[in-house]
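Start from the sequences, fold in the hints, and give me the full structure.
Chains as they are written, first to last, in the numbering used here: chain A, 1 to 346; chain B, 347 to 629.
Simulated from the structure, these hints should not be mistaken for lab results. Hints are supplied without guarantee of correctness; some may be wrong.
As the list claims (entries may be wrong) - Distance condition first, Cα-Cα at most 25 Å in a straight line; then the derived PhoX-like pairs of lysine-lysine:
| hint | chain 1 | residue 1 | chain 2 | residue 2 |
| --- | --- | --- | --- | --- |
| 1 | A | K100 | A | K69 |
| 2 | A | K69 | A | K26 |
| 3 | A | K246 | A | K100 |
| 4 | A | K156 | B | K626 |
| 5 | B | K626 | B | K522 |
| 6 | B | K626 | A | K131 |
| 7 | A | K69 | B | K522 |
| 8 | A | K100 | B | K522 |
| 9 | A | K26 | A | K156 |
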Amino acid sequence: MEVRVANVRKEFERFPALHDVSLDIKSGELIALLGPSGSGKTTLLRLIAGLERPTRGNIFFGDEDASRKSIQERNVGFVFQHYALFRHMTVADNIGFGLKVRHGPARPPAQEIRRRASELLDLVQLSGLEKRYPAQLSGGQRQRVALARAMAIEPKVLLLDEPFGALDAQVRRELRRWLREIHDATGHTTVFVTHDQEEALELADRVVVMSQGRIEQVGTADDIYDTPNSPFVYGFIGESSSLPVKVENGEIWLADRPIGLQAPHAPSGHAKLYFRPHDVELLDGCSGCIAGTVAASRRVAGTRRVELEIGGGRQRVEVELPVDHPAAQKSRVAFRPGRWKLFAAA
Amino acid sequence: MTTASAQAGWRFKQPSVIPGFGLTLGFSLAYLTLIILIPLSGLIWRSAALGWPEFWAIATDRRTVNALQISFGTAFVAAAVNVVFGTLVAWVLVRYRFPGRRIVDAMVDLPFALPTAVAGIALTTLYAPNGWIGHLLAPLGIKVAYTPLGILIALIFIGLPFVVRTVQPIMEEIDKEVEEAAATLGASRFQIITRVLFPGLAPAIITGFSLAFARGVGEYGSVIFIAGNLPYKSEIAPLLIVIRLEEYNYPAATAIAAIMLALSFLMLLIVNLVQTWSRKRYG
Numbered sequence: 001m002e003v004r005v006a007n008v009r010k011e012f013e014r015f016p017a018l019h020d021v022s023l024d025i026k027s028g029e030l031i032a033l034l035g036p037s038g039s040g041k042t043t044l045l046r047l048i049a050g051l052e053r054p055t056r057g058n059i060f061f062g063d064e065d066a067s068r069k070s071i072q073e074r075n076v077g078f079v080f081q082h083y084a085l086f087r088h089m090t091v092a093d094n095i096g097f098g099l100k101v102r103h104g105p106a107r108p109p110a111q112e113i114r115r116r117a118s119e120l121l122d123l124v125q126l127s128g129l130e131k132r133y134p135a136q137l138s139g140g141q142r143q144r145v146a147l148a149r150a151m152a153i154e155p156k157v158l159l160l161d162e163p164f165g166a167l168d169a170q171v172r173r174e175l176r177r178w179l180r181e182i183h184d185a186t187g188h189t190t191v192f193v194t195h196d197q198e199e200a201l202e203l204a205d206r207v208v209v210m211s212q213g214r215i216e217q218v219g220t221a222d223d224i225y226d227t228p229n230s231p232f233v234y235g236f237i238g239e240s241s242s243l244p245v246k247v248e249n250g251e252i253w254l255a256d257r258p259i260g261l262q263a264p265h266a267p268s269g270h271a272k273l274y275f276r277p278h279d280v281e282l283l284d285g286c287s288g289c290i291a292g293t294v295a296a297s298r299r300v301a302g303t304r305r306v307e308l309e310i311g312g313g314r315q316r317v318e319v320e321l322p323v324d325h326p327a328a329q330k331s332r333v334a335f336r337p338g339r340w341k342l343f344a345a346a
Numbered sequence: 347m348t349t350a351s352a353q354a355g356w357r358f359k360q361p362s363v364i365p366g367f368g369l370t371l372g373f374s375l376a377y378l379t380l381i382i383l384i385p386l387s388g389l390i391w392r393s394a395a396l397g398w399p400e401f402w403a404i405a406t407d408r409r410t411v412n413a414l415q416i417s418f419g420t421a422f423v424a425a426a427v428n429v430v431f432g433t434l435v436a437w438v439l440v441r442y443r444f445p446g447r448r449i450v451d452a453m454v455d456l457p458f459a460l461p462t463a464v465a466g467i468a469l470t471t472l473y474a475p476n477g478w479i480g481h482l483l484a485p486l487g488i489k490v491a492y493t494p495l496g497i498l499i500a501l502i503f504i505g506l507p508f509v510v511r512t513v514q515p516i517m518e519e520i521d522k523e524v525e526e527a528a529a530t531l532g533a534s535r536f537q538i539i540t541r542v543l544f545p546g547l548a549p550a551i552i553t554g555f556s557l558a559f560a561r562g563v564g565e566y567g568s569v570i571f572i573a574g575n576l577p578y579k580s581e582i583a584p585l586l587i588v589i590r591l592e593e594y595n596y597p598a599a600t601a602i603a604a605i606m607l608a609l610s611f612l613m614l615l616i617v618n619l620v621q622t623w624s625r626k627r628y629g
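As structure tokens, then:
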């Protein structure tokens, strides 16, 4: 089922949580809503589910306007961070709940419900735990039951709110891979919220980066990482360094020296240069480069991260060097960013 | 450690490293013995002095049987009424924010704090045939004061806070997400309440019921004013005990008391078994 969010605004007691957000989700897609806390990602998810009503704007499921429908009518599967299982029901009853509460001919016979529950338990790899109560399961198992429960109603959209947020790192990685497999097997249109960029980039077909109630960028993991379209995305996804520069006649100047980068289409004036610390070209001499004195050097896993003071110590940037690179021993390092981007000075 | 305890079968649970286990356990046992066990065993002791045939004669006396029926019957019905309306009051207090909520919340405790005699006199004044409420009911042929109905009203008044105060904290803990989950799965509001919220509250409701019931069985002060105290009709068992005491008929008084004790114990045992069962199920 396609989902279209059209110009949605949401205010909580006059405080805007989402400003005019639009988003198209293709059928069968796995989408991540990524952002820091307070960015509005959970609000957007809850609006799609119908757990909140938009102040303005509409949400379409296919061609149907879902935003005026009640939660019950929307037929969405929602998975909560803290599972929200029914404590007094067995695992099988939890999964069958959505079918049992249906009325009339829509409700399958009890035997069919039981069969469907055990089928879903197989899918989430918890066969044989039908008779357990949620209190007798581990966190990872509970979240799988919650997912099975959400899928039991054959939802139009599957929505997951920080589904792995309450689990430890090991289980989280495992479930992440497993969710991808389930998605590929069932083909539900899926939207999940996370603040973990690794999770978003690894798992999703497309990532929606949000900040302060707005969508900053929508794209594949490659798009988002390699061509961030705003300083926020540059700073939020992965590591980044920035320097204030000046553009003159298509050439970038740092203080009083050109750094050998051309920006023919950029307007002249002050700007900010963003680049990735690991994506730099180290140079020996320095005619047209950025040079700085080493202020600090840290070993980070397989690389050495060096903090440089540039332009008399007023600016600091980070670059990454191979561990055995001779430049790490020197007091001065010169480099030129490989992939970079200019943004207007704030 | 696990193997050791398995071998020993029954033993003290290993206390924590924080000292004081022996002292606190000793104190608790001594205290409970002094406050509860000695008076209760004295009661049984005195009624046992009666001899079995005589005890049986008192126990099966029509006046005794009627008094016990009235006491336990009205207490049961009052507790049942309180379960319904107490849960409702707790729901309103937990779920909604309205001006004066804190005052209503504090008011629930009044029956705890008010001297029961005051409550009894106030209720009698209201429900007497010429009272504020009584004179409205009289033309309809409903007599409240000086009938078992009056006892019922006094016990409802006394028992309400027990239900509200046991259900309220559990209700506050209900996770909003559980309701939202049920809603996304297609459950209507009514289904959410009956299938999701209520089963979770059941243990607390049963506890509230048993507390209100136990209090109702033993209630004396508020009831004697409104009951009219007609033997066989509106005489409660605690009053009958007092009457026997005033006649210096101590064996009869203790015999009735012992029967009440046994019945109350039985009721609480049943309630506790239900509790254990539901706790085992719902974890």
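Cross-check of the supplied hints:
1. A/K100 with A/K69: Holds. A/K100 to A/K69 sits at ~21 Å (cutoff 25 Å).
2. A/K69 with A/K26: holds, 21 Å
3. A/K246 with A/K100: Distance of about 66 Å is beyond 25 Å: violated.
4. A/K156 with B/K626: violated, 37 Å
5. B/K626 with B/K522: holds, 24 Å
6. B/K626 with A/K131: holds, 13 Å
7. A/K69 with B/K522: holds, 21 Å
8. A/K100 with B/K522: holds, 21 Å
9. A/K26 with A/K156: holds, 12 Å
Consistency with the previously given hints fails for numbers 3 and 4, ordered from lowest to highest.
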